[in-house]
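Number of protein chains: 2
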Amino acid sequence: MRLTDLDTPAIVIDLDIMERNLRSVADYTRTHRLRLRPHTKTHKIPALGRRQIELGAVGLAVAKSTEAEVMVSSGTPDLLIAYPVIGRQKLERLCRVAQETQLTVSLDSLSAARPLSDAARGAQVEIGILAEVDVGLGRVGVQPGEELLALVQSIAKLPHLKWRGIAFYPGHIKDTAAHGLEELEKLRHTVSQMVEQLTAAGFHPEIVSGGSTPLLWHSHTIPYLNEIRPGTYIFNDRNTILSGACSLAHCAATILTTVVSTAPGRMIIDGGSKTFSSDRLAGSSEITFGEIREAPEASFHKMNEEHGYIDLHNTTAQFSVGDRVHVLPNHICVAMNLHETVYGIRDGEVVETWRVEGRGKLQ
Amino acid sequence: MRLTDLDTPAIVIDLDIMERNLRSVADYTRTHRLRLRPHTKTHKIPALGRRQIELGAVGLAVAKSTEAEVMVSSGTPDLLIAYPVIGRQKLERLCRVAQETQLTVSLDSLSAARPLSDAARGAQVEIGILAEVDVGLGRVGVQPGEELLALVQSIAKLPHLKWRGIAFYPGHIKDTAAHGLEELEKLRHTVSQMVEQLTAAGFHPEIVSGGSTPLLWHSHTIPYLNEIRPGTYIFNDRNTILSGACSLAHCAATILTTVVSTAPGRMIIDGGSKTFSSDRLAGSSEITFGEIREAPEASFHKMNEEHGYIDLHNTTAQFSVGDRVHVLPNHICVAMNLHETVYGIRDGEVVETWRVEGRGKLQ
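Protein chains in written order, with this note's numbering: chain A, 1 to 363; chain B, 1 to 363.
The shape of chain A in the complex, shown without the other chains (with noise of 0.2 Å):
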């Protein structure tokens, strides 16, 4: 099938540049011997994940337990859950996925430890469990120091747990400009400190997990950080543009739509915020809700489930009803869980399907 006789909308990967965003990935963690562990929240496709461990990807990372059990399909050889699980249908899911493959999960309480210990001792397996801790988004995680340790010393205590290190999240760093390096470099004075505090207590972390989208091409000068668990780099988006970790020639993903309606200065296309999400640019106070790559100055400032609103005063661009316009979204991840398939494109050629088989799966 050509491009062109795709309806929409849909959201089409330019297969080449995807190809060339996970080579360069899998190449900058072999060149600083860092584990790479893409978190598969960005694409939720079976076949993707398969491709990040052909390149050398020592795992693949989900949050639910309802994602783990559609990853495990991908033949990872290692599976972790970023993410506490809370609650006995999470956990028994869990325990069914560890007797199919290696499982880590990271946690911050006791509270989700203990249970979790039970549930594998019941099924009779041994998960390995990576203590979260907060470095400054103020979501999930301990407090770097004692109560790190405190939680460490708890979870070694627990049977069919294994400690195997420790996992963050530095969310909080928006950008690598000024602001940023600073954070940065508190950064590698927090996870150094945590690292020797810790093995001087006697608890040596095989796996020190961290980083995050912007700060991906830094990851060699975190100390001691030996795994990065990137998702958005397969696929690239607004939001990957503004934090300075890609340009424009490494999006993989736009969403095609049609115009569907016009008037002087405006027309309206057929993605609304069922097709794109409705999330705002992020760390930018502009109301846009994607960029359309035929005219980039066009302003899609407004949305309703359905309806995309688009002002054409700022473009020369002119449309008609029928036009087919690309839309380079500001986050790839909540779009590809709107879909229910996408499609992989070269040449023109509509050359794979694929069906995302991780979309709404939300326990």
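No wet-lab data here; the hints were simulated from the structure. One thing to keep in mind: the hints can contain errors.
Treat identical chains as interchangeable: a pair holds within one or across any two.
Capping the alpha-carbon separation at 27 Å, the derived lysine-lysine pairs in DSSO-like fashion look like this [unchecked claim]:
(1) Lys174 x Lys162
(2) Lys186 x Lys302
(3) Lys157 x Lys302
(4) Lys302 x Lys174
(5) Lys162 x Lys302
(6) Lys186 x Lys174
(7) Lys174 x Lys157
(8) Lys186 x Lys157
Starting from the known structure of chain A, fit chain B onto it as the hints suggest.
Showing chain B alone in chain A's frame:
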């Protein structure tokens, strides 16, 4: 199954409140001799469409042709696609639906009407048409007056299309306080003029279809209006409360979540933008993504895909890891689109399990 056994996050629907909502709008439209055509974008579940028909709705509305394919299984005698249908695949799907049930499409251009006429001729079906008018929102729709008359005259000449009337969506009128009432008065004037001008030109509209949730209970005061297409009223949400069209007691749907991490003054719940959507509260500058029913003073101020950040400084309520809280969402329609399954609750018991069959139907 008890509500307490349900895995989280999950949308739970208080069936008594839902039934009361359905009945009160059905009663209102019966009293005022208005045709009720619920927009099913809110629930996306054929069984609930069937219930709306049982209670007296004349038919159902959908936005896309894939939604029409899903909703035809409700057994509705009449279906409106309230969206311009552009593109070959969509027209093919639409014509197959028209072979199963009476179908009407609202549209605003000859670029939409001509291919529809051609497709209907090919499939040997007749399709009803409402001319879509822009009454102030600046979305789809021709301008009232000459532009509308010209569109209706052209539609009337196209074979296999049957012009049935006009449709509009006054989504620019956000509330019914001072400013809103002034806008409502303008709308009454616009609708009167349109209908009288069309009738004078020999085109008497059989259907005058309009209204929005904020204006729901004012529908009978709009001259000539004889059909309304409310969607959100089945569940209601924080936006409906803000619009003045309902109170908290009419909100049937909440999202049950689990506390997965705590720290002094804050907690994290297991639902973020993948569970609630990123929709802000309409017409409010406050950044809030839902109201915690167990602690209404708490602030749900930030999200990532799987994490909801709750600030607890303004509440005396205390929570531990594993506690479950009900969250009233800003916008229930987009939240329904994110869930594979939703649950109907009566007296603490899960008595209905519905698959959200129409979720993700984008084309």
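Evaluation of the provided hints:
1. When the C-alpha separation of Lys174 and Lys162 is checked against a cutoff of 27 Å, the pair qualifies neither within a copy, at 33 Å, nor between copies, at 56 Å.
2. Only between protomers do Lys186 and Lys302 lie at most 27 Å apart by alpha-carbon distance; the minimum there is 24 Å, versus 38 Å within a single protomer.
3. For the identical chains of this complex, Lys157 and Lys302 are neighbours neither inside a copy (54 Å) nor across copies (35 Å), given an alpha-carbon limit of 27 Å.
4. Taking the shortest alpha-carbon separations for Lys302 and Lys174, both the intra-copy value of 25 Å and the inter-copy value of 15 Å come in at or below 27 Å.
5. For a Cα distance limit of 27 Å, the shortest separation of Lys162 from Lys302 qualifies neither inside one copy, at 49 Å, nor across copies, at 33 Å.
6. Taking the closest pair of Cα atoms, Lys186 and Lys174 come within 27 Å of each other only inside a single copy of the chain (14 Å); across copies the shortest separation is 47 Å, beyond that limit.
7. Taking identical chains as interchangeable, the C-alpha atoms of Lys174 and Lys157 are never at most 27 Å apart, the minima being 37 Å within one chain and 58 Å between chains.
8. Taking identical chains as interchangeable, the C-alpha atoms of Lys186 and Lys157 are never at most 27 Å apart, the minima being 32 Å within one chain and 72 Å between chains.
Going down the numbered hints, you'll see the structure goes against 1, 3, 5, 7 and 8, while the others check out.
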